[in-house]
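**Student:** Take a look at the letters that make up each chain.
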Amino acid sequence: MSANTHSTVLKHHFGDLEQQHASERLGMWMFLATEVLFFGGLFGAYACYRLWYAAEFEYASSFMNLKFASINTVFLVTSSLTMTLAIRCAKLGDKAGLYRNLLLTFALGSAFMVLKGFEYAEDFHEHILPGTSSFGGEIKHDAEAQGLDTGKVRLFLCFYYIMTGIHGVHIIIGLGCILWLVQQTYANKIPPENYSTVEVVSLYWHLVDAIWLFLMPMLYLAGAHIHHVAH
Amino acid sequence: MTTAVTSITPKIAPPPPEPAPAEPNYLNVNYSLWGWLTTVDHKRIGILYLISITVFFLAGGIAAGIVRLNLLSPDGAIINEDAYNRAFTAHGVLMLFFFLIPAVPAVLGNFLIPMMIGAKDLAFPKLNLASWYVFMVGAAFGVYAILNGGIDTGWTLYPPYSSRSSQSNVVPGVFGVFISGFSSIMTGLNIMVTVHKMRAPGMTWGRLPLFVWSLYATSLIQLLGTPVVAITTVLLMVERVAGIGIFDPLIGGDPVLFQHLFWFYSHPAVYIMILPGMGVVSEVLTCFSRKNIFGYQAVAWSSMGIAVVGFMLWAHHMFVAGISYYSALLFSFLSMLVAVPSAIKVFNWTGTLYKGSITFQAPMLFALGFVVLFVIGGLTGLFLATLGTDIHLHDTYFVVAHFHFVMVGGMVLGYMAGIHFWWPKMTGRMYSDWWSRVAAAIIIVGFFLTFVPQFMMGYHGMPRRYPNYPQEFQVYNVMSTAGASILGLGYLLPACYLTLSLFFGKKATGNPWSATGLEWQSPSPPPLFNFDEAHMPVVVCGPYEYSLGIDQMGRGLPEGPGLGTPNDPSDKHGESSAPGPMKKETEVVG
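Chain order of the listed sequences is Y and U. Using the working numbering, you'd call the opening residue of the first sequence number 1 and step up by one each time. Using the working numbering, you'd call the opening residue of the second sequence number 232 and step up by one each time.
Treat each hint with caution, since some may be false.
As the list claims (entries may be wrong) - Below, in silico cross-link-like pairs of lysine to aspartate or glutamate (EDC-like), each with a Cα-Cα straight-line distance of 16 Å or less:
hint, chain 1, residue 1, chain 2, residue 2
1, Y, K91, Y, E199
2, Y, K11, U, E764
3, Y, K152, Y, D16
4, Y, K67, Y, E122
5, Y, K67, Y, E144
6, Y, K152, U, D485
What the hints assert, rightly or not - A short, non-exhaustive set of chain U residues, derived as facing chain Y with CB atoms under 8 Å:
hint, residue
7, D352
8, L360
9, V424
10, K428
11, M468
12, V469
13, V472
14, G474
15, I475
16, I477
17, G780
18, I781
To be verified - Label pairs and their calculated CB-CB ranges:
hint, chain 1, residue 1, chain 2, residue 2, range
19, Y, D142, U, K357, 49 to 57 Å
20, U, V771, Y, P217, 50 to 58 Å
21, Y, L103, U, F734, 44 to 52 Å
22, Y, L81, U, L610, 13 to 21 Å
Source of the hints: derived by calculation from the structure; they are not laboratory data. None of these values were measured; they are calculated from a predicted model. Backbone N, C-alpha and C define an ideal beta-carbon position, used for all residues, glycine too.
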């Protein structure tokens with residue numbers, strides 16, 4: 001912790017590094033509170049309709065691809081581990097380890113998005129879509145056969161696309177931040193004293209993971225996946 | 232080279248001696264346009280916000296003028312019904328999202344919070360600059376929507392009208408609101424972290440000026456409320472653009488859900504608009520009555536109380552929207568509950584004034600106006616929080632008058648008080664004392680004439696947002712429009728004398744009001760990093776030790792010019808003078 005690194009890492013308006021790190025951490029935690037409320041609006045709306053239209057929501061949920069979602073969950077949870085290891089490497093000054101863990105996190109996050117893309121393509125192919133005209137295929141046929149309100153089934157699909165879409169946007173922003181960290185590591189801007197930069201990004205990344213852990217049961221596990229094992 | 236030039240030019244008198252270089256301050260260092268647009272100095276960003284929101288206030292005021300002029304005649308005096316809808320929506324959207332919400336937090340909060348707690352800057356200066364750009368981008372979308380045909384939904388944007396039926400620019404307008412919301416979150420986050428982490432040595436939570444407490448409570452609402460309206464506007468835009476969504480009953484949704492989500496933010500947002508004004512009033516009343524605040528803890532915690540309880544009563548906007556009887560009962564009770572912390576503040580302000588050495592400079596006039604108008608606005612709110620009377624008064628001009636008393640009578644006057652109080656600090660110039668007092672008087676008179684008739688016609692049943700009305704309401708409408716023109720004149724006056732003061736005003740001393748806060752311990756205008764770097768402030772006492780005559784650093788207060796003759800008639804056309812002598816011995820608190 002030489003005086004030289006101190007002066008480049010410490011911003012002029014802070015008294016010392018401890019204050020600076022604490023501010024950065026607190027700022028990110030407050031931002032996470034904002035994010036929780038942002039998704040909270042959606043979760044609240046979902047909760048209302050889930051209570052009112054339980055049968056339709058369970059029915060529609062059973063058409064979600066549980067296999068893709070499970071693999072994606074493993075990807076994201078593992079990426080949280082590698083992100084945390086990246087903080088440790090940053091703290092220890094292990095630059096190679098920092099690179100490795102950041103890139104691993106990036107790869108796992110990207111894999112999530114790629115798989116999500118395949119899932120959307122499949123949904124599109126099977127007309128599991130919320131629009132009045134695009135909605136169709138098996139999901140519509142079976143719903144009508146079972147006497148369910150297709151409008152409410154489409155309501156579930158709205159939630160599915162909006163929630164996973166907004167979550168996906170958050171993942172992409174997170175991936176951008178991780179790439180930025182890689183660039184900062186390359187530019188030697190993350191000495192051990194400045195590890196909090198990695199920590200702040202990791203806080204965001206964990207939140208995005210945590211939101212997925214709520215989305216997964218809400219969207220994929222609301223209904224029993226029995227009647228169309230073929231998927 | 233020089234000699235060659237002088238040899239061919241005629242002999243001239245030696246150049247006059249260079250004027251002494253001005254003390255470097257935040258205004259005169261690097262003052263190019265580029266320097267301003269890339270600044271990360273919280274004071275300059277505050278000024279950037281000040282200029283922007285003044286423009287939006289003017290635009291929103293013009294829209295209000297159109298609405299009021301049209302209501303002169305029962306059939307619409309100047310525009311058709313459709314244009315009328317767009318005019319009142321423009322007024323609401325501009326005033327709420329682009330003036331009231333950023334007014335005090337982004338202008339005075341930005342400028343003053345670091346100075347008041349003895350910091351060099353906010354915790355995240357770049358985020359602060361980003362917030363201004365985000366605000367301007369959001370405003371650009373909003374202004375585009377309004378100029379390019381307008382929005383006709385009202386600022387509340389209720390679906391299914393806004394999502395399905397409206398033929399106006401709902402999407403760009405809503406997108407502008409969505410974007411500017413992020414700027415509000417950024418400002419709130421910055422202020423909260425700054426208050427938590429950047430306080431000077433000795434600046435304990437119990438020694439924070441009450442302005443800081445009120446901004447802290449405001450920031451909490453911005454942080455936790457704004458994201459909910461953000462997601463709501465996203466859902467609304469998806470519904471309108473893609474035809475899929477969760478609000479329109481035709482496609483399976485429920486419009487009341489929109490109202491819940493919308494008011495979950497928009498009700499707390501009214502506290503975003505009033506709490507900062509309350510903070511300003513606490514600063515101004517103590518200074519101009521030369522007394523410690525009565526009940527510091529009560530005033531500070533009532534801000535937090537308003538912020539917390541304010542989150543739990545949104546559905547009182549929806550008593551007639553078909554919510555259940557029992558939930559209406561609960562929301563009615565909670566609405567009454569929020570009156571308690573507001574009343575605590577008013578009682579404590581009154582206690583502060585009691586036996587104070589009061590002088591009536593412009594900031595004090597505005598602050599006293601705030602207290603009176605806020606009390607009227609608050610009490611009429613109780614009529615609306617009561618289930619039975621709300622059914623009669625809902626969506627009438629009574630509601631319009633009520634929230635204008637709080638928003639305009641409260642917040643705009645609070646903002647005016649703040650601008651007048653800290654103008655010398657921000658610009659280093661004094662404005663005309665006489666003209667500022669005249670402006671305060673005109674604004675308050677104009678305000679009463681505008682909005683008291685609206686209570687009357689609302690009580691008699693005139694619905695809000697209607698362009699036409701029965702003949703019997705015309706007398707009230709004419710009175711209201713007459714008042715609005717007086718009010719408009721009142722607002723133009725400060726714009727004139729404050730601008731003139733920049734060029735012709737007397738130079739302000741560091742502490743022209745002889746106030747106690749840390750922000751006054753630095754020169755006017757302050758240097759780049761607020762305080763002398765070698766002598767950063769150390770706080771030794773509470774924020775309002777007027778009775779001891781010491782500032783927060785424990786130093787004696789200056790005796791400003793004009794002391795002893797605060798209301799001297801010979802000073803009629805002169806500059807603002809300092810408050811009166813500290814002749815009253817008041818109890819020492821803290």
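**Student:** Which hints from the list above does the structure break, by number from lowest to highest?
**Tutor:** 3, 5, 8, 11, 13, 17, 18, 21 and 22
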